[in-house]
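Novice: Spelled out, the chains give:
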Amino acid sequence: MVIQQRYQTSSVTITWDELYNGAKLGDLIGVFAFKRQRQSKSKNGPRVSTLDYWSQALEWGEEGEAFKELTYRNYTRCWTIASDILQELQDNIHSRVFQSLITYIDRAGRKLTSLTVAPDLPSSLVHSLASVPTACLVTGVNMPDRDATFDSLVGLLRASVTPHVARLQSKECSTLRAAMYKMISQLIGGGGWATLEDDEEEEVVMAGPKVKRRQCTMAVLSVWYREQLSTGEEDPGHTKSPIKATQSPRKRAYPSSPRKKPFPGSPSKLSRSPVKRALSGSPSKTERDPQEVEGSPRKKIKSSIISQLPERSSKPPLVVILEDLESFHPRVLSDLVLICSEYRQAVPIVLVFGVATTPDKVHQSLSHNASACLAMEVFRAEPSTHYLTRVIEKVLMSTKLPFHLGGRPFKLLLDIFLYNDLSVENFIKGLKVCMMEHFMGHASSVLCCPAANRPALLRNVTSAQLDLVRKLPSFKTFVEAAPPKEQVALLLDDSHTKEVILSLLDKVDVWYARFCVLVKVVNALTNRIPGAPLGRQVREVLAVCLSRPLVDTEEFQEAEKGVRNMAREELLTVLQNVLDVLKEHHGEDKVLSELLNEVSLLMGRLSSMDQLTQTEEEEEEEEASADGSGGAAVTLGPSDRFRLREKLLEMAKKKPKKSSKYESLRSEVVHFLSDTFTSHLQPPTSQPLHEVLFFHSSQAVKRQLVGLPRPALTTALANPHHYLQCKCCQLEEPSSLVTSLPDLSVAYKLHLECGRLINLYDWLQAFVSVVGQEDEEDESSARSKKIDEKLQARFVLAVSELQFLGFIKPTKRKTDHVARLTWGAC
Amino acid sequence: MEVCGRDAQVKLLTGLLGQEGTLMPSSVFLHGHSGTGKTLVARHVLQCLGVLMSHINCIEVYCPQVLFEAVLSQLTGSVPSLTTGQSSSISCDSLGEFVHHLATVSHTLGQPRMAIMLEHSERLRDCAANILPGLCRLQELTPDVNITVIFMSTLSLEKFRISTGFMEPLVVHFPQYSKDELLKILEKLRPPTTSEEFFKNYISLVLSVFYHATRDLAELMHQVQQHFEVYREPVVQGEVEEDDVRRLWRNIEPHLKKAMSTVYLREVSRTHYDKMQKLIETNTKDLLPSESIGLDSFSSKTAMVELPLYSRYLLVAAHLASYNPARTDRRFFMKHHGKQRKTQASIKAKERCSSHLVGPKSFPLDRLMAIFYSIVEEEITPTASLFTQLSTLLSLQLLIPSGGDDALQNPKYKCVAPHEVVHSVCKSINFDLSRYTYGQA
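Chains as they are written, first to last, in full-length UniProt numbering: chain L, 1 to 826; chain U, 1 to 441.
One chain only, chain U, in its complex shape (with noise of 0.2 angstroms):
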């Protein structure tokens, strides 16, 4: 295995964690973005020296019985099993057992050099208040036991520091790869079967492109086995030479500039992603509205979600309520509401606050249903499906509950739907918003 561009990370790890015999050091905190090589370094490192490890994902440990059970099975290498009805050899519950555990399991192995490796250790705060400091002190703890606890983050240690028990580990930052190490990483993605000067060449395209909207590498890595085909698409079919990079890049770069909306959307993979490229091309040439709306709704740029007639005025009365100002309702939504008189007051007041910028503000249900009923036409009567559908909008989280001390008596909400959603109600009831909007009417 080979480490690109990393080499100063595992120069000072490997010097951290000594050779064969040494103590190392109680624990380890490794920091850096996403994607810059931690796990990989620290893997590398710790298979040179011959450490034995085990590796757990934090995320997983939503109570700290997994943690230690994990731990414990990968360095016995036992394998949990159903039959037994235990998940492992040894069942752990508590740090103590842990400790306890840890012991014996390094007794019986022959006290071998042994390191916990910890990824997204930002989870660990979340856990028991007695698990960060155990963990960072367990060297301490188990005075035999040659073991180091590896911390790996995107956080920096300052949001590690806890006020009881917390021992400064040893740090160790990641920056970012520099574009040349980049390079040199992508390039590993070759396939077989291209000559490296024309796969170099396809990687600084892509990586001139991208270059700008993301670093991180998995993102890059996807981008780039993304498009590959479609830039040697002209090279297969014998149309351009394979150092022709004029022609091929002529070829690529719509492909790529159209892609660049989708960076961190996996959305599409890529038959899907040209099938709806084709479709939106095809759009341009509606045929019948009702199918031109099908096709619509198909690329999901465009935001319609599709609501009984009801819960479409609910949203646009929710919306509102959320964002008028409670003292302009008589004004939007009675007919004889007198004249508004314009005083130096109310304009700089208007321009003071955008209401659109502070954000939707919760109102009660008694004023959403008075809205309601004002906006639409037609009498309506109560009935409990008009109230269920105010249910529904909440368990699609277009709007959510919000405070109100009294849950019963008189509940809150707050319009949380996009902006866009609301609008294409708004279209499809023929309602327009901003005849009743609050600075825009």
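If we strip away everything but chain L, and leave its shape as in the complex, we get (with noise of 0.2 angstroms):
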């Protein structure tokens, strides 16, 4: 609660739940339990907006109205363009899974409702019924970005196979009973999850009938599933009313809107269609509108997956997800699965598991006669590495976006990603902290925009605003290289230095694309080195890269010895991968391209070497034998140890020599790759003007994004205004005492003062010395002796909370002592 409200202060849209999605906090105790004003959620009231809350941090009188207009546009800017790439990744990157996963789910369902139609089959066609076709999708244990998955397959379902998708989650579904209820009322009710999403448009659709708790059971779900088709069979007509393809245009308004997500959860969108029609009559037979199919990447790739089916069958299956499979009860999981089973002849369910760790937990959790009952095929989603390494390459790495992270906070992300979660969607959440940071904290950011709507916004930079950026650190040093006159220029003179600012923005843009090419070569060239020193992937040759000139690092020179030591073949086929690199990105950059003919000049010469090496080995063969052979003749004598040694030293020198043609080669092409390293993979901290498009300062967002609860419990106690920010209990000095503060923290404040033993009553008093000082003085003074029992009470809940904090615990080792569990006096 504390750090909520201290995110209510910096800003709205992340706020700690969003941060830490899913995963308790039992760890952090509130330490202040006050009630927050309850916000009237009226949709009619005015949408709090990030504006509202926009850089507080920087205050500048008047010109600050302006800048907050200026930066806050770039940032909406910068981060529309990023969230239009995410949500392309994001709906691309499970589309090879769900391909499978589907085409699996409608073929199951067809060969299910196929017999559930026909029951007087023979009996070895019936016995193939007798499992229930399931579907065993393995996540990964990264929880917040599941939602995103299956919200995304959902939508996919009610797109292309079935209407009727229901979800489980294992909080919900604790009992059986409970189970059943959300699994029927949602399939009879038309998906009760939609609802959650967006309550503004849903609410027609969800006209579906109510169910009533008493009513959920399997013998309903069988009598709705046959009046479902037989309306769907009497009037297909019906269906082909007209559909609102699409319900008003959304806005796009991520940041105004501060509780929506960024881009998952939107397949609600479509899904809407089909779930309309499904409740409207029957699901089957309509021809999909083209024009809804085309639009948006996200669409297509949808309409690419549903067109490689057949047409939905006119009886499609019903499809329940359990969405978190680990934490299902055992025995609530077996009981659903042996129900369903039970009925598949006159339902015909699919189920899809959703398995976090392995599949074999399905067998752990399930009893034998019910796993027994399962037809399970196992799907595999890309694991969230691969995904990150998508959207670094994507939004990272990429020219469209003018914000780019510098190496101390693209680290502080990765580390955060690597160690504590692996969730690609709090990696995005970090991003976008680091971009409101940079936007709201770093005056500069006014000219970090969209290449093409620089000149335009340099034209109305006033010269106030221009000075903030003259006074960068690396402005101001380029400035000083620059000869005399020009330096005069820069200073004053404001259009002149607009058009060199221009320019150099446009340098760093280019030099940045550059970078992130030579980065990819680089990684090509290291990956295959035993050992790795730079790692196998991108991502950790772009941290070492962001932070420091490369050539210079240890894990370089490693790496090059590891070129160095290379074989022909090997060598030959990472100049491949570096030329295949070079090929797909050099562009039009001058620097690329001369590099990639180099390269390949390089590789000509080391394939033509092979002819050459083959004959000039035979020769040294002959040369080494002749010469071994003499040698050998003369020092076989055993008293010419000295010489014999001389000898071979000799040999040993002239080795080397002979065998030059392809290491000196093979040395040319390092040091030229090296070179050009050298010269283009320094840090962005060297390029001028760098701060504007470049986010350094991990501090400011470490505090954001890495949760410490410890600190914050102390910083809480020791100086209550921190969170509260209340008048009453401003500190000149942390460690002062006022009688103004909370009791707790008074209690606390005393508690620090004593050994490791604390005596009960000696605290009191010095509890109520500092508390009751308010009182007038004689009365208290009159009845001394006695203590104010308001007092005592409010002093015996300050020290419960202290123990229930952890600080204290009651001991025997002497009467009327509490121990103190912290040592020191912080």
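Because the hints were derived from the structure by calculation, they are not lab data. Hints may be right or wrong, so weigh each one.
[As the list claims (entries may be wrong)] Result set (BS3-like, lysine-lysine): computed pairs, CA atoms no more than 25 angstroms apart in a straight line:
1. Lys-809/L x Lys-11/U
2. Lys-561/L x Lys-590/L
3. Lys-812/L x Lys-188/U
4. Lys-749/L x Lys-653/L
5. Lys-814/L x Lys-411/L
6. Lys-111/L x Lys-188/U
7. Lys-184/U x Lys-11/U
8. Lys-427/U x Lys-335/U
9. Lys-68/L x Lys-111/L
10. Lys-394/L x Lys-182/L
11. Lys-498/L x Lys-400/L
12. Lys-561/L x Lys-653/L
13. Lys-188/U x Lys-171/L
14. Lys-471/L x Lys-485/L
15. Lys-414/U x Lys-171/L
[Stated by the list, open to error] With the Cβ distance kept under 7 angstroms, some of the chain U side facing chain L (calculated, not the full set):
16. Glu-306
17. Pro-308
18. Leu-309
19. Ser-395
[Said to hold, decoys possible] What the simulated footprint calls covered on chain L by chain U, stretch by stretch (three residues with Cβ under 8 angstroms from a Cβ of chain U suffice, anywhere in the stretch; the number is not a length):
20. 168 to 177
21. 323 to 330
Just so it is clear, CB atoms sit at the ideal spot from N, CA and C, and this is done for glycine as well.
Using the hints, put the two chains back together into the complex; each one sits in its own frame.
Specialist: Shown next as structure tokens:
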């Protein structure tokens, strides 16, 4: 709670809950419990936008407003670009596995329904019914990403296979009864989960029959399914009733709607029409509107999956998704499976298990007779590390996005990902925080916008704002390096400065594009070296390059050694990889094209060595044998040890010279490449005006992204003003004691002065003397022996709260004493 | 409908229920393993005798109301509908109401003989206390109704006896099918296109392989169906004559042996199974380490769990904490723990309990964190995300909360992750588990 309050002051869009989605915060115990004022969430009320909270950190008086506007607009632009790319990625990332999953579900559904309709088949066929078709989707442990995955899966299912989808989560299904209710009400009611997504437009769709709790039995479900089928067959014409293909164009207002998730969860939009169709009559035999399908890339992917399926069957199966299989109670799970298999002839149910760890878990939690009822097929979602690689490549290394991450923030985000959660969604949220921090905290971010908008933007920049840019350290060094005449112009002539800035920024853009390609080149060059000193992934190389000049690092020297030891074939394949990367990315960059030419030349020379070396080797061998035989003959005598040694040394010296043709070429390659890296792979801080486009201050975001419960607790107790923001407990010194502090805080500060054991009575005395100060002096002195009962009660409360927070515990060693559990006075 | 190999039971049950017009016993108890034909025989007999029946699976009965309403609607043949707002035309909450309704139903239908078949009736024991005795004595409660209750269960009757109000039902036992009976039953799976002799041979082959592993009819049926295509393949392609059993056997043998490992694990359908086998084969000639890892994780046999780095350490720490005695922590995790003296007693103690045989012990959170900090080499601050990882591990059921009187003050956990998972995690972080494990170090 403490943390959350802090976040409300800094930015609305990111709350603690969102950052640590689904995580239990049991260890973050609220210190002060105050009721927050209820915010009226009526739709008509003014929406709280991010703008209202924008850049309180910077105060420039009148300039401030303009700045606020500008940076905020820049921020929205950047984030829209980024979120567009991300959305596309999110849709693409699982397309392969979803494709096979959906085909499987569709096929299984058809098989099931074909048998459902004709129950009098030969017994051999009936038996193959005995199992419930089950798709086991292994998602990986990253909890926050899972929601998005299932959202898009449900969207796809609704659009392609069946309108009847139910999602079960373990927390809602503690008993069989609850699980059945959840399942059946969603199936009959047409997806209860959809209402939660977006309550503005969904209401119309949600007009499905409401189900009472006591009605939720499988018998009811099977009757409902039969009805559904019969109505579907009766009036297929009904379905062609005009579908509102696009409900009021949804505004893209991510920053202004704090509650909306940035990009996942949007499949509800597409899913809407099928749902409506299903409830208005039958889900069958409808031609999908071609216009509806085209448009955004998201839809294209979906349509590509859908188009590969045969038309939706007239008897769609019911799909039940169990999102977190591990957390389901084993008994509930096996009962559910048994029931489904019992009714498989009446209701064609296809199960989808979301498994985080391994498919073996299914058998661990299912009883044996239940697992014999399943026909399971395993699908694996893309591991989140792959997803991250794509995100880094497409977003952080893209030229479309003007905002870039510096070395340290990138490292921080990467560490959070690899060490703590493996969640791409959290990574993206972190990126968003960085972006906000950049635009809010740095005045120079005024200029950080897509390259096309830059001239227009610069024209409107006032001289005061320009001065801010002039004050940037990197610009200062640039000015100092310039000739004196130029220096004066740069400092005084606004229009000239603007021109220079424009060209400098363009240069940074070009430089960064080249930088990214070269990072990929380095990765292609070094990822197969044994031990992988620079890592096997692009992200590792990127992290190094962003923070330090690559060539000076130990890792690179290590890698260089590795390249120097490569055999010819290895070197050739590695260079081929490098060539591929360059070919793919060189674009119009001159430097890169040159590099490309040079590398292909070198490769040509390497491969043409083929014939050369062979003949040479033969020659060498002859020489060596001639040499060796002669030498050996001479030095065979036992007395001549010294001469033998001499001879051997000589031979050793000769050796490298002889085989040097390939080696010299190899070292030439290495030299050439490391020269290129030296000149072009300097960290961004080497570029003038890098502050405008790069975000470097990881400390600022670290506070937001990495929660530290213990320091938060002690800060709250030692300096309540930090969180409460009230006037009464402002302290000049962190250790000082004021009467107006909360009781808990007073008790805490008093207990810091004690040793290992604390005498409760002394503590009480001290507490009363601090808190009771405000009472009138004479009265208290008159009854000095007796302590006010109210004060005593407050003291007891504070002490027990401290015990609850884990600072003290009762002890039996001494009567009327408690033991401290922390040390020192902090 | 024909019932195979259950003649004795059919005869017995028919005798018990009696011909049309006679009074039926108040309750019958059928028990035997799953897949021994209890339901089949009961249905067969009841149909032959023309008894009105309702068939309930007790797994679904999460409250008695569901049972009552289902029985009533099946007996009356009414269909529950959504629009009336009631699941059946009769709503029925308690045993009393149920008895009342039964009487009226019986009256309206003209006093037919009725039967209630209860599958998985062991679940009824978890229901309200009056349900099981009530059903046992249903005939006593409904004097004018000729009704019988047929309990079916895999448990024997001893497990059902309760102190109050239980009435001993008539017991019919269903023994397992013999091998010959199984053969006869499985022969019915024969697809119409194949000849009898050919299929018979096939079935005896399959039985000879799987009979030792399972006698469950459903499982055997599954296996028979799963492998028939492969068996028939050489015949279809014309390579082998239909009656050349020896060559057919040579063809199918390795395939069946492989399938033995997946008995009961319905992890794979046919196509998927083949795909996986192929993948494992290609896996042997691996190309890149990263690719082969992907393939490894594809074959479900390797228990690879993808976890964040600190979660891996936490898992290892939890494993150590639950398998090492707390008093040995000093020895394993402190730098200067002093020399350990080997006494006779300590050696004996080691012999007495290998901690891995005893199973995981619960440990407090503090101990877990202490071990965690000592096995992670670098310095880490206790961030909130560290603790969220702990709760993630809990939700993945790799750790479970255990006991501990105070969940807030001093929560206790147990590590229940399988050993293979822990070992693979240790491998991925280059952690030498055996060095820190008590009894192995």
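Novice: Hints first: check each against the structure and report whether it holds.
Specialist: Hint by hint, here is what the structure shows:
1. Our distance criterion of 25 angstroms between C-alpha atoms is broken by Lys-809/L and Lys-11/U, whose separation comes to about 74 angstroms.
2. For the hint pairing Lys-561/L with Lys-590/L, the CA-to-CA distance comes to about 29 angstroms; that exceeds 25 angstroms, so the pair is violated.
3. A threshold of 25 angstroms between alpha carbons decides the hint, and for Lys-812/L with Lys-188/U the separation of about 78 angstroms lies outside it, so the pair is violated.
4. Restraint check for Lys-749/L and Lys-653/L: the C-alpha separation of about 76 angstroms exceeds 25 angstroms, so the hint is violated.
5. Restraint check for Lys-814/L and Lys-411/L: not satisfied, since their Cα atoms lie roughly 51 angstroms apart, outside the 25 angstroms limit.
6. Taking the CA atoms of Lys-111/L and Lys-188/U, the gap is near 22 angstroms; set against the 25 angstroms cutoff, the hint holds.
7. For the proposed pair Lys-184/U and Lys-11/U, the alpha carbon gap of about 20 angstroms is at most 25 angstroms, so the pair holds.
8. Distance restraint check for Lys-427/U and Lys-335/U: the Cα-Cα separation of roughly 23 angstroms lies within the 25 angstroms cut-off, and the hinted pair is therefore satisfied.
9. About 61 angstroms separates the Cα atoms of Lys-68/L and Lys-111/L, which puts this hinted pair outside 25 angstroms; it is violated.
10. Taking the CA atoms of Lys-394/L and Lys-182/L, the gap is near 40 angstroms; set against the 25 angstroms cutoff, the hint is violated.
11. A distance of roughly 22 angstroms separates the Cα atoms of Lys-498/L and Lys-400/L; the hinted pair therefore holds under the 25 angstroms criterion.
12. Taking the CA atoms of Lys-561/L and Lys-653/L, the gap is near 21 angstroms; set against the 25 angstroms cutoff, the hint holds.
13. The straight-line distance between the Cα atoms of Lys-188/U and Lys-171/L is roughly 45 angstroms, outside the 25 angstroms bound, and the hint therefore fails.
14. Distance restraint check for Lys-471/L and Lys-485/L: the Cα-Cα separation of roughly 19 angstroms lies within the 25 angstroms cut-off, and the hinted pair is therefore satisfied.
15. Distance check on the hinted pair: Lys-414/U and Lys-171/L sit about 21 angstroms apart at the alpha-carbon level, within 25 angstroms; holds.
16. Below 7 angstroms, beta-carbon pairs count as interface contacts, and Glu-306/U has one with chain L at about 5 angstroms; its hint therefore holds.
17. At a threshold of 7 angstroms, the smallest CB-CB gap from Pro-308/U to chain L is about 5 angstroms, leaving the interface hint in force.
18. Annotation: Leu-309/U was flagged as interfacial toward chain L, and the flag holds, the nearest CB pair being 5 angstroms apart, inside 7 angstroms.
19. Interface restraint check: Ser-395/U against chain L, minimum CB-CB distance 5 angstroms, threshold 7 angstroms, status holds.
20. With 3 residues having a beta carbon nearer than 8 angstroms to a beta carbon of chain U, the region 168 to 177 of chain L meets the requirement of three or more and the stated coverage holds.
21. Coverage of the region 323 to 330 of chain L by chain U holds. Counting CB-CB distances below 8 angstroms, 3 residues qualify, and the rule asks for three or more.
Comparing the model with each earlier hint shows violations of hints 1, 2, 3, 4, 5, 9, 10, 13; every other hint is respected.
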